[in-house]
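Asks: Work the whole structure out from these sequences, hints included.
Number of protein chains: 2
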Amino acid sequence: MTSHTEQSAVTVLGLGPMGRALAGAFLDAGLRTTIWNRTPGKDRELVERGALGARSPETAVAASRLTVICVVNYDAADAIVRRDTVTDALKGRTVVNLTADTPDRARTTAAWAAGHGIGYLDGAIMTPTPTIGTPAAVFLHSGPEELYREHRPVLDALGGTHTHLSEDIGRAAAYDIALLDIFWTAMAGYAHALAVARAEGITARELAPFAKGIGAILPPIFEQTAEEVDSGRFSDETNPITSAVSSMAHIVHTSESHGIDAGVMRAAEGLARRVIGLGHGTDGFLRITDILNPVRPEL
Amino acid sequence: MTSHTEQSAVTVLGLGPMGRALAGAFLDAGLRTTIWNRTPGKDRELVERGALGARSPETAVAASRLTVICVVNYDAADAIVRRDTVTDALKGRTVVNLTADTPDRARTTAAWAAGHGIGYLDGAIMTPTPTIGTPAAVFLHSGPEELYREHRPVLDALGGTHTHLSEDIGRAAAYDIALLDIFWTAMAGYAHALAVARAEGITARELAPFAKGIGAILPPIFEQTAEEVDSGRFSDETNPITSAVSSMAHIVHTSESHGIDAGVMRAAEGLARRVIGLGHGTDGFLRITDILNPVRPEL
Chain L
59 MTSHTEQSAV
69 TVLGLGPMGR
79 ALAGAFLDAG
89 LRTTIWNRTP
99 GKDRELVERG
109 ALGARSPETA
119 VAASRLTVIC
129 VVNYDAADAI
139 VRRDTVTDAL
149 KGRTVVNLTA
159 DTPDRARTTA
169 AWAAGHGIGY
179 LDGAIMTPTP
189 TIGTPAAVFL
199 HSGPEELYRE
209 HRPVLDALGG
219 THTHLSEDIG
229 RAAAYDIALL
239 DIFWTAMAGY
249 AHALAVARAE
259 GITARELAPF
269 AKGIGAILPP
279 IFEQTAEEVD
289 SGRFSDETNP
299 ITSAVSSMAH
309 IVHTSESHGI
319 DAGVMRAAEG
329 LARRVIGLGH
339 GTDGFLRITD
349 ILNPVRPEL
Chain A
59 MTSHTEQSAV
69 TVLGLGPMGR
79 ALAGAFLDAG
89 LRTTIWNRTP
99 GKDRELVERG
109 ALGARSPETA
119 VAASRLTVIC
129 VVNYDAADAI
139 VRRDTVTDAL
149 KGRTVVNLTA
159 DTPDRARTTA
169 AWAAGHGIGY
179 LDGAIMTPTP
189 TIGTPAAVFL
199 HSGPEELYRE
209 HRPVLDALGG
219 THTHLSEDIG
229 RAAAYDIALL
239 DIFWTAMAGY
249 AHALAVARAE
259 GITARELAPF
269 AKGIGAILPP
279 IFEQTAEEVD
289 SGRFSDETNP
299 ITSAVSSMAH
309 IVHTSESHGI
319 DAGVMRAAEG
329 LARRVIGLGH
339 GTDGFLRITD
349 ILNPVRPEL
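Chains as they are written, first to last, in our numbering: chain L, 59 to 357; chain A, 59 to 357.
The set of hints was computed from the structure by calculation and includes no laboratory data.
Among these hints, one or two may not hold up.
One copy or two, it doesn't matter: identical chains are merged, so the pair holds either way.
Stated by the list, open to error - With a straight-line cut-off of 20 Å between C-alpha atoms, the simulated EDC-like cross-links for lysine to aspartate or glutamate are:
1. K270 x E285
2. K270 x E286
3. K100 x D142
4. K149 x E106
5. K270 x E281
6. K100 x E204
7. K100 x E264
8. K149 x D136
9. K100 x D86
10. K149 x E204
Bear in mind that the values here come from a model prediction, so they are computed numbers and not experimental data.
Replies: Here it is in structure tokens:
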């Protein structure tokens with residue numbers, strides 16, 4: 059390991075499931091990997107695999123030109139990197155923050171980093187821990203492109219595809235938020251569908267094959283409708299929003315007739331009815347994007 | 059056409075986009091097809107293709123042993139078939155109702171049919187109009203299995219896969235409701251994600267490729283989690299519901315900081331927080347199924 063230069067070294071702060079996966083991928087790629095976690099004992103297996111367990115975060119970050127941090131949220135990240143000793147040790151080095159939080163937090167963290175002479179990139183990991191180090195991993199990055207290019211060789215050790223989205227430091231978090239919005243809303247829909255199905259004597263295993271079929275039609279619809287949403291010109295719809303609210307009302311009625319809360323669908327139905335009330339009933343369902351955010355950017 | 063027996067004949071009531079697709083598929087399969095629609099003029103193209111345009115619903119249903127009805131909802135269907143003249147003409151014949159509505163409406167319609175000596179099957183069409191007559195079409199049926207078997211040869215003319223789910227007449231509508239619940243909730247999530255993305259300067263076309271990636275991970279998750287939901291035994295989760303609410307809070311915060319309504323996600327987050335409040339924070343997200351419907355059926 060002593061043959062490695064500091065250039066091909068990396069520090070990983072945070073050894074939860076994702077942090078351990080990241081450190082493991084760096085090790086597998088042959089990088090000198092220094093690790094630290096707030097609560098001790100999480101580094102054992104990685105140290106056995108060759109990682110250097112640091113005694114403190116300041117010694118950890120001092121060991122590499124690049125520090126990758128992945129903890130539960132930015133409050134947790136700040137509690138580590140904004141200690142004076144750690145901030146001092148980071149001066150002139152670079153942090154890639156793969157912690158999930160909001161675009162605003164990414165922006166305030168970037169301002170803090172700039173004020174202390176610390177290079178800062180913000181990233182989002184869009185795939186679960188088992189994908190790390192494999193071609194299936196998806197990473198999004200934002201921040202100064204030159205800094206990104208400088209550290210890309212180290213980041214590539216994590217496998218998968220890396221996309222630099224924008225110099226806007228909040229962009230990776232914004233994608234992360236939008237994509238998790240789709241994911242968790244869809245999962246809430248699945249849970250609700252399973253509850254209604256259960257009330258009708260249908261098990262999850264019975265519904266699942268058909269649910270898979272519904273899931274499979276979503277990606278092409280996401281793609282096909284994107285242009286309409288950007289342009290605001292909805293084509294002559296075979297599935298107008300008036301038809302969608304009819305289905306939604308049936309879902310709410312069936313759900314509530316079984317005593318099952320339908321708050322998620324009621325909220326969605328309310329948006330759709332507002333679109334109709336504004337005179338756009340023949341438009342497609344995604345017209346509700348304009349209800350939610352009427353400020354259309356210039357394209 | 060005169061060589062056809064009444065046995066290989068079918069009547070289609072309702073000539074909206076889906077009704078026309080159904081009638082067209084029957085014609086393409088060489089069945090003697092009689093058609094009727096409440097408002098005139100919708101039958102022209104089908105008549106040119108060989109359909110028999112009936113002057114009234116009672117003459118339409120009298121022309122075939124099997125009548126398929128597909129209108130906007132059961133109120134519209136009732137307004138046709140529950141006219142005394144039509145009910146009388148249907149006696150001893152069979153109706154397959156492919157209209158979408160609730161399981162309760164299917165059950166009350168079956169009771170009406172039984173009271174008038176009319177055979178009754180209820181169905182749901184799970185795929186859009188262009189699939190009708192092709193292998194991609196998906197039809198779900200419920201009601202007396204013997205009646206289903208008798209008319210299956212005619213239904214097969216619609217192409218695709220036909221599944222008889224249950225003798226419970228409401229079962230097809232229940233699947234339909236549950237599957238549309240997944241679909242429209244996911245679409246509401248996509249619309250919201252696009253609104254948040256727009257506020258962050260990201261166009262729908264920019265987000266769409268990544269949204270497709272999120273959509274693609276849903277079907278395997280739907281399948282993998284079904285057994286846990288049925289059994290109520292959630293495995294040691296790498297993605298506990300405490301982690302999900304952290305993401306959901308970030309989504310709500312980012313959304314509302316841009317003035318974007320987050321009612322759908324707030325409703326979903328509330329369910330997840332109730333699961334945690336009840337002491338199941340280490341379970342997977344789909345534990346909310348039990349919050350929505352605590353009455354677990356015997357498996």
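Asks: Now tell me if each hint is right for this structure.
Replies: Going down the list of hints, with the structure as the test:
1. Taking the shortest Cα distances, K270 and E285 sit within 20 Å of each other only across copies (14 Å), while inside one copy they are farther apart (26 Å).
2. In this assembly of identical chains, the alpha carbons of K270 and E286 lie at most 20 Å apart only when taken from different copies (16 Å versus 26 Å within one copy).
3. For the homomeric pair K100 and D142, neither the shortest alpha-carbon distance inside one copy (24 Å) nor that between copies (76 Å) is at most 20 Å.
4. Taking identical chains as interchangeable, the C-alpha atoms of K149 and E106 are never at most 20 Å apart, the minima being 30 Å within one chain and 80 Å between chains.
5. For a Cα distance limit of 20 Å, the shortest separation of K270 from E281 qualifies both inside one copy, at 18 Å, and across copies, at 7 Å.
6. Taking the shortest Cα distances, K100 and E204 never come within 20 Å of each other, neither inside one copy (34 Å) nor across copies (63 Å).
7. Taking the shortest alpha-carbon separations for K100 and E264, neither the intra-copy value of 41 Å nor the inter-copy value of 38 Å comes in at or below 20 Å.
8. Taking the shortest Cα distances, K149 and D136 sit within 20 Å of each other inside one copy (15 Å), while across copies they are farther apart (75 Å).
9. Taking identical chains as interchangeable, the C-alpha atoms of K100 and D86 lie at most 20 Å apart only when both belong to the same chain, with a minimum of 18 Å there against 67 Å between chains.
10. With identical chains, the CA atoms of K149 and E204 are at most 20 Å apart within one copy only, with a shortest distance of 18 Å there and 79 Å across copies.
When held up to the earlier numbered hints, the structure conflicts with 3, 4, 6 and 7 and fits the remainder.
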